[in-house]
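Asker: Sequence:
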Amino acid sequence: MLNVAIKAARAAGAIINRAALDVESVRVSVKQTNDFVTEIDQAAEAAIIETLLTAYPGHGILAEESGSEHGAKDSDFVWIIDPLDGTTNFIHGFPVYCVSIALAVKGKVEQAVVYDPTRNDIFCATKGRGAYQNDRRIRVAKRTRLQECLISTGFPYRPGDKLKTYLNMLGEVMSQCAGVRRPGAAALDLAYVAAGYSDGFFESNLKPWDVAAGSLLVTEAGGLIGNFTGEADFMDHGECVAGNPRIYGQLVGTLGKYSKFAGAGDKATVRQAALNNAADGAKVDDGAAAAAAPAKATLKSKRIKAGDARPGNTPSQNPPDAPF
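Residue numbers for the sequence shown, in this note's numbering: 58 to 381.
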């Protein structure tokens with residue numbers, strides 16, 4: 058199945074790369090304020106769906122542009138597709154965008170591909186078999202102190218997205234880390250966390266196709282992913298935070314009180330967790346922190362979970378069945 062997903066991603070990438078040669082001629086429509094769709098999104102999505110349903114006609118489809126109108130309606134196997142994550146970047150000629158394809162089996166993501174057509178990079182994962190960038194095994198970064206970390210995020214862009222709340226979140230994270238980046242493609246942001254290029258990621262107002270593939274990459278690379286209060290239902294809630302187990306815990310401690318799903322007690326708890334993390338970081342050096350159990354960094358009233366991933370787990374050493 059992973060091979061078919063990679064084939065579909067490359068087919069979409071070829072359409073995107075051809076269009077990028079003359080991006081000014083691409084027709085652009087506005088779905089809502091600052092939310093764009095192009096004929097390339099639609100053509101790339103059609104190519105992906107054709108490839109997947111030719112191989113697996115009984116599977117379901119959940120795609121950004123066409124929703125669930127294609128494929129079987131009651132299948133346990135559902136492909137979750139974003140044909141062009143980073144459309145705004147694409148239409149401006151800013152070369153940070155990707156194709157994202159995930160397969161969920163009974164609601165659990167088991168296959169994932171994120172393809173960066175500008176660099177010809179394939180990030181892929183199969184549940185239980187590790188995460189890869191092209192033919193290289195990847196793992197999350199090993200930093201243990203948020204103050205040393207590079208964190209990626211995404212900005213609200215639609216009316217009603219609570220920009221003021223987001224700016225408060227951003228201010229807190231910026232004051233605690235080495236730097237914040239906003240590339241503009243959530244699936245690629247998560248792939249970069251999995252590869253160790255950045256140390257963590259957070260964003261709100263996300264859809265399942267933004268994070269499904271990236272979530273498996275992160276967990277198979279040894280990281281954790283959840284919502285702002287540390288729960289694993291991030292695809293339903295639209296909030297997402299990811300990182301290695303230690304940094305994940307510190308980000309949850311900072312961001313949990315901003316979750317729209319957190320009650321007053323939860324907000325107090327996550328704030329205390331942030332203070333505990335700061336105290337722990339001041340007392341131990343990186344070597345000791347890496348050896349310490351990451352439980353101190355987690356919420357005491359909430360269990361942090363992301364699929365079957367747990368702090369300290371390492372993925373299998375078997376490579377995926379994929380043509381590199």
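Since the hints were made in silico from the structure, they are not lab data.
Any given hint could turn out to be false.
To be verified - Label pairs and their computed distance ranges (CB to CB):
1) D133 - S232: 37 to 47 Å
2) K199 - T145: 16 to 26 Å
3) L78 - N191: 19 to 29 Å
4) T145 - N225: 38 to 48 Å
5) E107 - N74: 25 to 35 Å
6) A112 - N74: 30 to 40 Å
7) E107 - R84: 15 to 25 Å
8) S125 - R84: 35 to 45 Å
What the hints assert, rightly or not - Below, in silico cross-link-like pairs of lysine-lysine (PhoX-like), each with a Cα-Cα straight-line distance of 25 Å or less:
9) K264 - K184
10) K317 - K184
11) K130 - K264
12) K199 - K184
13) K64 - K199
14) K221 - K130
15) K165 - K221
16) K163 - K130
17) K264 - K219
18) K184 - K165
19) K219 - K199
20) K219 - K64
21) K199 - K130
22) K184 - K219
23) K264 - K221
24) K221 - K317
25) K221 - K64
26) K199 - K264
27) K64 - K317
28) K219 - K130
29) K219 - K317
Idealized CB from N, CA, C, for every residue including glycine.
Asker: Does the structure keep K219 and K64 at a Cα separation of 25 Å or less?
Answerer: 39 Å, violated
Asker: In this structure, is the beta-carbon distance linking A112 and N74 contained in 30 to 40 Å?
Answerer: About 23 Å separates the Cβ atoms of A112 and N74, which means 30 to 40 Å is violated.
Asker: Against the 25 Å threshold, does the CA-CA distance of K163 and K130 hold or violate the hint?
Answerer: Satisfied, since the Cα-Cα distance of roughly 13 Å is no more than 25 Å.
Asker: Check the hint pairing K221 with K130 against an upper bound of 25 Å on the C-alpha distance.
Answerer: 39 Å, violated
Asker: Holds or violated: are the alpha carbons of K130 and K264 at most 25 Å from each other?
Answerer: Holds, at roughly 19 Å.
Asker: Sort out whether K64 lies within 25 Å of K221, counting only the CA atoms.
Answerer: 42 Å, violated
Asker: So if I understand the rule, the pair passes when the alpha-carbon distance is 25 Å or less; does K199 with K130 pass?
Answerer: At roughly 42 Å apart (the allowed maximum being 25 Å), K130 and K199 break the hint.
Asker: So if I understand the rule, the pair passes when the alpha-carbon distance is 25 Å or less; does K317 with K184 pass?
Answerer: 30 Å, violated
Asker: Need the status of pair K199, K264: alpha-carbon distance at most 25 Å?
Answerer: 28 Å, violated
Asker: Verify the proposed pairing of K184 with K219, using a straight-line Cα cut of 25 Å.
Answerer: 35 Å, violated
Asker: Does K64 pair with K317 here, judged by a C-alpha cut-off of 25 Å?
Answerer: 39 Å, violated
Asker: Keeping to a limit of 25 Å between CA atoms, is the pair of K219 and K199 held or broken?
Answerer: 33 Å, violated
In terms of the numbered hints stated before, the structure departs from hints 2, 4, 5, 6, 8, 10, 13, 14, 15, 19, 20, 21, 22, 25, 26, 27 and 28, listed from lowest to highest.
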